[in-house]
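**Student:** Sequence:
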Amino acid sequence: MAKYRKLGRTASQRKALLRNQVTNLLYHGSIRTTETKAKEIKKIAEGLIALAVREADNFETETVKVKVPEKDANGKRVKEVVDGKKVTKYTEQDREIKKDKPSRLHARRQMLKVFYPVTEVPAENKGRKANTKKVDMVAKMFDEIAPKYANRNGGYTRIVKIGQRKGDAAMEVLIELV
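Taking our numbering, the leading residue of the sequence shown gets 2, the next gets one more, and so forth.
Please keep in mind that the hints were generated in silico from the structure rather than gathered at the bench. Mixed in with the good hints, there may be bad ones.
[As the list claims (entries may be wrong)] With beta-carbon atoms standing in for the labels, derived distance ranges: (1) 168 with 129: 26 to 36 Å; (2) 89 with 3: 52 to 62 Å; (3) 65 with 17: 29 to 39 Å.
[Claimed, not checked] The calculated lysine to any residue pairs, modelled on SDA-like cross-linking and capped at a C-alpha distance of 20 Å, are: (4) 40 with 18; (5) 99 with 113; (6) 7 with 37; (7) 16 with 6; (8) 149 with 28; (9) 99 with 136; (10) 4 with 38; (11) 99 with 57; (12) 141 with 117; (13) 141 with 47; (14) 40 with 154; (15) 100 with 59; (16) 44 with 10; (17) 68 with 93; (18) 141 with 52; (19) 100 with 137; (20) 134 with 116; (21) 38 with 18.
Positions of the beta carbon are idealized from the N, C-alpha and C atoms, including for glycine.
Using the sequences provided together with the hints, build the complete structure.
**Tutor:** Here it is as structure tokens:
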């Protein structure tokens with residue numbers, strides 16, 4: 002018996018397809034695809050969710066002093082003249098940061114091997130590059146998805162059959178997070 006489905010693609014194409022589909026499933030919560038692709042996606046996604054659940058609380062918090070630039074009412078940095086040059090004025094603040102323990106750091110890197118970068122575009126300013134922001138999928142896994150499934154032992158996804166696709170009669174399904 003084969004360990005995975007080849008999906009009629011070369012290894013690099015198959016890997017790219019599955020990475021894309023898994024990233025979209027975990028970002029949006031559900032996607033529509035064929036049954037065979039969904040079964041492969043399910044294996045990868047459930048492994049990543051299990052990894053996030055296992056390592057969710059494995060970090061330490063530290064207080065660090067940070068230099069933050071002062072800003073005026075318009076949000077621009079405040080400059081002062083020092084030795085004839087304009088220099089940004091900074092203030093020191095204390096910030097708490099999360100410091101991953103080694104096993105969580107390893108889990109983070111394993112997830113980064115799978116996830117593609119996700120850019121979020123607000124609906125009201127579509128087409129404007131300035132208003133886009135990058136989504137940290139690993140942070141989303143640890144902060145949103147892992148706590149949701151903390152009390153659950155596997156079975157994080159569900160496959161619901163929709164019916165056959167009109168063009169090639171492939172069985173289409175909806176794969177979603179439970």
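**Student:** All the hints need checking, so say for each whether the structure fits it.
**Tutor:** Checked hints:
At roughly 35 Å, the beta carbons of residue 168 and residue 129 sit within the given window of 26 to 36 Å. For the pair residue 89 and residue 3, the supplied restraint of 52 to 62 Å holds, since their beta-carbon distance comes to about 59 Å. Distance hint for residue 65 and residue 17: a CB-CB separation of about 38 Å, consistent with the stated range 29 to 39 Å. In summary, the hint linking residue 40 to residue 18 is supported, as the alpha carbons are separated by about 13 Å, within the 20 Å threshold.
At roughly 18 Å between alpha-carbon atoms, residue 99 and residue 113 fall within 20 Å of each other, so this suggested pair holds. Between residue 7 and residue 37 the alpha-carbon distance is near 10 Å, which keeps this suggested pair within the 20 Å criterion. Proposed proximity of residue 16 and residue 6 is supported: the alpha carbons are some 11 Å apart, at most 20 Å. Taking the CA atoms of residue 149 and residue 28, the gap is near 14 Å; set against the 20 Å cutoff, the hint holds.
With a C-alpha separation of about 18 Å, the suggested pairing of residue 99 with residue 136 holds against the 20 Å cut-off. Distance hint between residue 4 and residue 38 is fulfilled; the C-alpha atoms sit about 14 Å from each other, no more than 20 Å. Proposed proximity of residue 99 and residue 57 is supported: the alpha carbons are some 12 Å apart, at most 20 Å. At roughly 13 Å between alpha-carbon atoms, residue 141 and residue 117 fall within 20 Å of each other, so this suggested pair holds.
The hinted pair formed by residue 141 and residue 47 meets the criterion: a straight-line CA distance of about 15 Å does not exceed 20 Å. In summary, the hint linking residue 40 to residue 154 is supported, as the alpha carbons are separated by about 19 Å, within the 20 Å threshold. Between residue 100 and residue 59 the CA atoms are separated by roughly 9 Å; this keeps the pair inside 20 Å, and the hint holds. For the proposed pair residue 44 and residue 10, the alpha carbon gap of about 18 Å is at most 20 Å, so the pair holds.
Annotation: proposed proximity of residue 68 to residue 93 holds, straight-line Cα distance about 5 Å (limit 20 Å). In summary, the hint linking residue 141 to residue 52 is supported, as the alpha carbons are separated by about 13 Å, within the 20 Å threshold. Between residue 100 and residue 137, the direct Cα distance comes to roughly 16 Å. Compliance with the 20 Å bound is thereby established for this hinted pair. Taking the CA atoms of residue 134 and residue 116, the gap is near 16 Å; set against the 20 Å cutoff, the hint holds.
Restraint check for residue 38 and residue 18: the C-alpha separation of about 9 Å stays at or below 20 Å, so the hint holds.
Checked against the numbered hints given earlier, this structure breaks none of them.
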